[in-house]
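**Q** Residue strings, one per chain:
Protein chains: 2
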Amino acid sequence: MANCIVAQSGGPSSVINATLAGIIKANQLNPLYDHVYGGINGIEGVLQERFVDLTKMTEHENLILRQTPSSALGSCRYKLKRDNLEDFEKIMKIMEKYNVETLFYIGGNDSMDTVASLSEYAKRNGIKNRRFIGCPKTIDNDLEQIDHAPGFASAAKFIATTALQCWQDVNVYPASRKEVFILETMGRDAGWLAASACLSNIVDILIVPEKNFDKETVLEEIKACIEAKSKCFVVISEGAHYPDGTYVSAGEARNDLFGHAVLGGAGKALEEMILDSGVCARCKVMDLSSSQRCHATEQSRVDVTESFRLGLSAHMRSADPSFTGKMVSIRRRTDVDEYDVEFTAIDADKVANFVRNFPEKWLLPNFRGVTEEALDYMRPLIKGTPDIIMKDGLPEQTVPFYMRDCEIEKL
Amino acid sequence: MANCIVAQSGGPSSVINATLAGIIKANQLNPLYDHVYGGINGIEGVLQERFVDLTKMTEHENLILRQTPSSALGSCRYKLKRDNLEDFEKIMKIMEKYNVETLFYIGGNDSMDTVASLSEYAKRNGIKNRRFIGCPKTIDNDLEQIDHAPGFASAAKFIATTALQCWQDVNVYPASRKEVFILETMGRDAGWLAASACLSNIVDILIVPEKNFDKETVLEEIKACIEAKSKCFVVISEGAHYPDGTYVSAGEARNDLFGHAVLGGAGKALEEMILDSGVCARCKVMDLSSSQRCHATEQSRVDVTESFRLGLSAHMRSADPSFTGKMVSIRRRTDVDEYDVEFTAIDADKVANFVRNFPEKWLLPNFRGVTEEALDYMRPLIKGTPDIIMKDGLPEQTVPFYMRDCEIEKL
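One line per chain: the protein sequences are W and A, in this order.
Sequential numbering from 0 applies to the first sequence in numbering that gives the first Met the number 0.
Sequential numbering from 0 applies to the second sequence in numbering that gives the first Met the number 0.
Treat the hints with care, as some may be off.
[Said to hold, decoys possible] Derived pair list, reagent style DSS-like, types lysine-lysine, alpha-carbon separation capped at 30 Å:
hint, chain 1, residue 1, chain 2, residue 2
1, W, 267, A, 267
2, A, 177, A, 210
3, A, 210, A, 267
4, W, 267, A, 382
5, A, 55, W, 228
6, A, 210, A, 349
Source of the hints: derived by calculation from the structure; they are not laboratory data.
On a predicted model such as this, the values are computed, not experimentally measured, just so you know.
Make the full structure from the sequences, and use the hints.
**A** Here is the structure:
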């Protein structure tokens, strides 16, 4: 018999480990593989032969893993380039050396590109019995070919919960104290996360990348809101930008390794505009920062369950030798009234390098939030809170595998 | 029979409404008062005769109130000044007009000063049957004469939970990516909140107001940490300051109405020092901002239970006509091994205008965190998570009373 490797890549989420837990559990239910190896730090660690053996994980460890945020195997930003054949050859050799038939890669659209290109390489070179399977995750919800990306719903639930509770906080002082509260969310190109704050039903102004920032209109709307009720609750995506593409946070933009701008500061930039314009003399900015992708104590139960099952599904489908270059996807059922999903498989290259935006038709005019249709799409996703296993008042957490000694002897 | 008023003041917390819920519930168990009136926006609203009638609140409403963060009655920053006799006279007249015997005031040390001064005024002027009773709250835990202030434990639990989960997030990339994560907490004069992050057991560097900021030592410690394990987790209080009292965040300090500096930005200032000094080229700052005082979905069960019972206790004690100018306090039992508390009463003027600092002897040298003794003090406080009542994936919340129509006809 053969083995499999699971690795994780890209920015972490609150439920990415649930998919890993699903793959491990599936192999205990049906041991298609002798060993489930965890690749440390994504494809980068695979290339360095850094593995842990996850095959015998106990049920308790599995439950703890599901509630542990971020990537327990570590992540990477390393991207396989199609013209760098050396990396491809090396991965094939390592898979042969460890007798690995299947590589499961949990990640966003860059990772789906890795899955597609490895699969192509193997096919092109007549390499048999090597399967590459993608498991989607991204809090940004900007993946194509899937109803919603695992990780989005938990981030959305945390954002909406935070918005609701901060709204209680910002309103406590008398009407004589006029105040704007600005909540900044992640979302470089897509406004899904910022839009999810509208689930709380308290957002006055929503600024997302899908709708060009219009300073004059935004300030007018804030002014009208302050005049009407003395407080204004604004939500802004980090990627909010002007018609010419300049980020609202432009002053602070730098570049990361992928050529994406590293953002942060759209909220602060808007605060300055508000103070400078005299629209309101008191403004507070809260940037949710890392919390929105790692506050797993408030996972959506729907999200963590689906992520776990996606791992099960990926493992089960890998029994088919021809199942490669695929991503396991989630489709919302339309044949029943209640919310339910089915798991499907699509070609990984149909996901790689595409971005799915928040639909413009779901945005209300003048930055006033989102339509009922948008809320109907998001509402079922955030339902339910899992029973988090606590210890001394804090959530139990998996000690990251990348911090443990390598448990597999190099062959 | 007579009535009572409850009002809330100062910065909100995750459990200040639980004390209000306790007072309302106690009056249903033993109707000492015909009506429990809620005063809107603290003493400011009392002076304006803005009341709601809370007497008949249902059990479900009471449960929802306990899990609703911030001050459901609204808050104020208005401070009674002892030489402003007009305000005192007016309050006594309003109490007479509404047949109010007891004013419960839930707040921090400024509010205890209000309780003490109103009580003194009534005594000095021979006004009978007017009682003023303080119920403590503050996330800062800087109140004297109490083992811990209601509100602190829930903030501490949220901070430690967030630290633990962000630590998982910051560590995922390979050791080649060196990174400092800075978590900024509230705490103007006292370091309790920042110190509570150490409950997560992952804090490398802790900077609190009780220990003068020493740039050289802090940067050296961060450097050593980065060299040892490539990541460094720093927690800093907003009120961190140099030996001469200058705030680390000095560039951004302004003044609020009470003459306290409005802070924010200690983390950003430290980030600049780290980047400028070359100690690390990658740094991320997360300011917990309002979340730490209003993220009630993760209340400590100990905290919310004690806050509720403190309200019960205050109401029950008010049956004694001589019980005035008092604050109901919490004392930790030393006669049993398990964690338990008893409720006591102390003079409100012993609390007013004092600040209790985090003990210096509980700080490890070189900003390396806190001692086991400090952890032993904090650990029992954050235990247990209440069963939050959810609706469509979000916590059910009380519609703030200050947003409702005034329910009491002016007499």
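**Q** To test your reading of the hints: which numbers does this structure violate?
**A** Those not satisfied come down to hint 4.
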